[in-house]
Amino acid sequence: MMAPLVRNRIRGMVIHAVLFIVLGFWMVPQVYMLSIGLRTPAQAFDAQLFTWPVTFDNFVTVISDNPLGLIFLNSLIITVATVAIVVAVSSLFAFACAILRLKGSIFLYTTLLTTLMVPLASMVLPLAILLKNFGWVNTYIGLILPYAALGVPFAMVILKSFMEDAPRELFEAARVDGCNAWQTYWHVALPLVRPALVFVTIWQFIVTWNEFFLALIVLTRSEMKTLTIVPMQYSGLYMANPGALFAILTLIALPLILLYVLVQRAFVRGLLAGAVKG
Amino acid sequence: MRAGSVTTAVERRSASRASRLYLFALPATLLFVVFIAYPIVWVAGQSFYAGTADRGTVFAGLANYTTVLSDPTFWTVVRNMFLWGIITIPVQMLIGGLLAYFIERHTHALRGFFRTMFFLPVVTSVSVISLVWVQIYAPYYGIAQEYLKHIGIVMMTSPIGDPKTAIYALIVVNIWQWTGFSMLMYIAGIANLPNEVLDAARIDGARGWRLAVHVIVPMLAPATKSLLLLGVIGTLQTFPIVHLMTGGGPNRASEVFGTFIFKQSFVLGDTGSGAALSVIVLVIALVLSLIQIAVLGARLSPAGKQDP
Chain A
1 MMAPLVRNRI RGMVIHAVLF IVLGFWMVPQ VYMLSIGLRT PAQAFDAQLF TWPVTFDNFV
61 TVISDNPLGL IFLNSLIITV ATVAIVVAVS SLFAFACAIL RLKGSIFLYT TLLTTLMVPL
121 ASMVLPLAIL LKNFGWVNTY IGLILPYAAL GVPFAMVILK SFMEDAPREL FEAARVDGCN
181 AWQTYWHVAL PLVRPALVFV TIWQFIVTWN EFFLALIVLT RSEMKTLTIV PMQYSGLYMA
241 NPGALFAILT LIALPLILLY VLVQRAFVRG LLAGAVKG
Chain B
1 MRAGSVTTAV ERRSASRASR LYLFALPATL LFVVFIAYPI VWVAGQSFYA GTADRGTVFA
61 GLANYTTVLS DPTFWTVVRN MFLWGIITIP VQMLIGGLLA YFIERHTHAL RGFFRTMFFL
121 PVVTSVSVIS LVWVQIYAPY YGIAQEYLKH IGIVMMTSPI GDPKTAIYAL IVVNIWQWTG
181 FSMLMYIAGI ANLPNEVLDA ARIDGARGWR LAVHVIVPML APATKSLLLL GVIGTLQTFP
241 IVHLMTGGGP NRASEVFGTF IFKQSFVLGD TGSGAALSVI VLVIALVLSL IQIAVLGARL
301 SPAGKQDP
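Taken in order, these protein sequences are the chains called A and B.
No gaps in the numbering here: position 91 of the first sequence is 91 in the working numbering, and each next residue is one more.
No gaps in the numbering here: position 237 of the second sequence is 237 in the working numbering, and each next residue is one more.
There's no promise every hint is true.
Under the rule of at most 20 Å between Cα atoms (straight-line distance), these lysine to aspartate or glutamate pairs were calculated in the EDC-like manner [stated by the list, open to error]:
| hint | chain 1 | residue 1 | chain 2 | residue 2 |
| --- | --- | --- | --- | --- |
| 1 | A | Lys103 | A | Glu172 |
| 2 | A | Lys103 | A | Asp46 |
| 3 | A | Lys132 | B | Asp270 |
| 4 | B | Lys149 | A | Glu172 |
| 5 | B | Lys263 | B | Asp71 |
| 6 | A | Lys132 | A | Glu223 |
Honestly, the hints are just simulated from the structure, not real lab data.
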């Protein structure tokens with residue numbers, strides 16, 4: 001009979017090994033993408049996950065041939081503006097519901113929540129017509145405001161539940177000290193829910209950066225396009241040259257992956273702090 | 001203000017201050033009214049009108065609905081959406097839940113590494129993912145046919161090029177992309193399990209598999225309910241993977257609501273039937289969500305938070 005300690009060690013090693021094997025399979029698409037991007041034209045169509053030797057020529061070519069910086073900037077402007085609006089608007093609303101407890105705010109809250117049950121697929125046609133009437137096709141604002149409207153309900157749920165969990169005495173103390181509602185919001189409520197704000201910011205950033213359906217319809221002029229909708233264009237352009245295509249796909253996917261790796265600790269911390277309560 | 005009271009200057013001032021507090025709720029309400037509520041009302045109205053030759057519209061009653069419902073593609077879409085949800089949601093829960101369990105309870109130093117790596121497909125642009133999977137599935141030069149033949153699966157064509165298999169091949173991609181999300185939801189659930197309950201169960205002799213199945217799984221019910229709710233909405237709004245990988249083909253075999261609405265509205269320019277389809281999708285989403293909320297008691301929040 002084995003000592004429990006030894007048995008635990010062995011079990012831990014087996015579990016790690018299995019996790020690594022599963023992860024190996026899980027990473028195949030990304031590894032494959034990078035691998036094709038690193039191939040010479042002669043190897044580009046080899047049905048292998050890895051080939052040798054590797055070359056960085058494809059990356060050099062696609063970077064010098066395409067306005068990737070401009071496309072990146074479009075994505076960045078739309079995403080940052082959306083995130084800023086969502087965080088500001090949803091935290092104000094959550095404050096009105098959870099702390100000010102305005103009359104009728106719970107009714108409004110429930111109404112806004114129904115947005116979470118609305119699939120985007122049923123919204124693209126009416127939104128497209130609305131934006132056309134506003135003259136907002138091919139503008140940043142034409143994506144930013146609909147994205148914000150779609151993002152606010154989720155953020156609001158999380159921020160409201162955090163504010164409700166915060167000790168009420170703090171808000172009472174602020175009132176006694178003569179803080180008005182705005183000061184209480186800014187100096188008490190927001191700092192208290194910081195992990196939730198971080199979580200909401202990161203999640204909204206990911207969702208907005210990767211949104212495809214509405215961007216496809218609203219952004220038709222090539223100089224307005226975002227990173228998410230340009231790949232189709234390149235798949236036509238580089239049809240005979242998979243090396244270049246997959247190099248550019250790698251570059252398109254990279255910014256958000258790097259960003260996530262940088263912020264994942266704060267993201268998961270917000271999640272574990274109760275942003276999503278199990 | 002109390003009825004019948006004389007309005008004094010002081011009361012008026014405090015009333016105006018109280019109403020000024022509604023400014024906190026105003027921006028969110030405005031966004032909702034302009035970009036969610038108004039478009040929904042508009043599309044519902046538009047679904048009763050049909051376009052005319054001179055680019056005007058004429059009241060058509062339920063004609064758009066009968067046209068859509070008698071289109072065989074509509075029923076292909078319904079079948080595909082059913083398959084999509086019924087396969088994707090439980091498989092993601094199962095894989096995501098297993099990953100979460102082993103990562104949270106049996107790893108320490110590498111916990112952050114595994115959490116991040118399995119989540120990466122979620123943050124990888126869906127259009128990039130779609131093109132990579134087209135390459136994986138490709139006949140002759142794709143790696144799927146090359147490696148699967150070693151385990152006895154011979155693919156003569158691309159699985160997305162065959163009407164019989166296309167939808168399943170797309171479902172695989174969707175599962176792969178979103179399992180990390182299920183995993184993270186369960187990780188949050190497992191990390192927040194009260195230790196006292198786990199200790200009590202352990203003292204009662206529940207260990208390993210028994211502990212997982214009889215204690216942990218039931219306690220993760222809120223996360224499961226949230227994933228179900230999000231899974232249904234996610235299924236109904238499926239678009240990019242299908243649009244980019246098959247375009248709803250071959251021969252419309254992999255059409256989903258997203259691509260169907262896209263084609264009717266923006267390719268054919270048939271606003272009437274596009275609107276009718278939008279309303280149908282909306283109604284399906286609302287009905288399915290309300291059934292879940294009624295039957296499972298799932299709260300309409302992605303947080304799945306329970307009242308203390």
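Hint check results:
| no. | hint | in the structure |
| --- | --- | --- |
| 1 | A:Lys103 - A:Glu172 | 19 Å, holds |
| 2 | A:Lys103 - A:Asp46 | 66 Å, violated |
| 3 | A:Lys132 - B:Asp270 | 16 Å, holds |
| 4 | B:Lys149 - A:Glu172 | 69 Å, violated |
| 5 | B:Lys263 - B:Asp71 | 14 Å, holds |
| 6 | A:Lys132 - A:Glu223 | 18 Å, holds |
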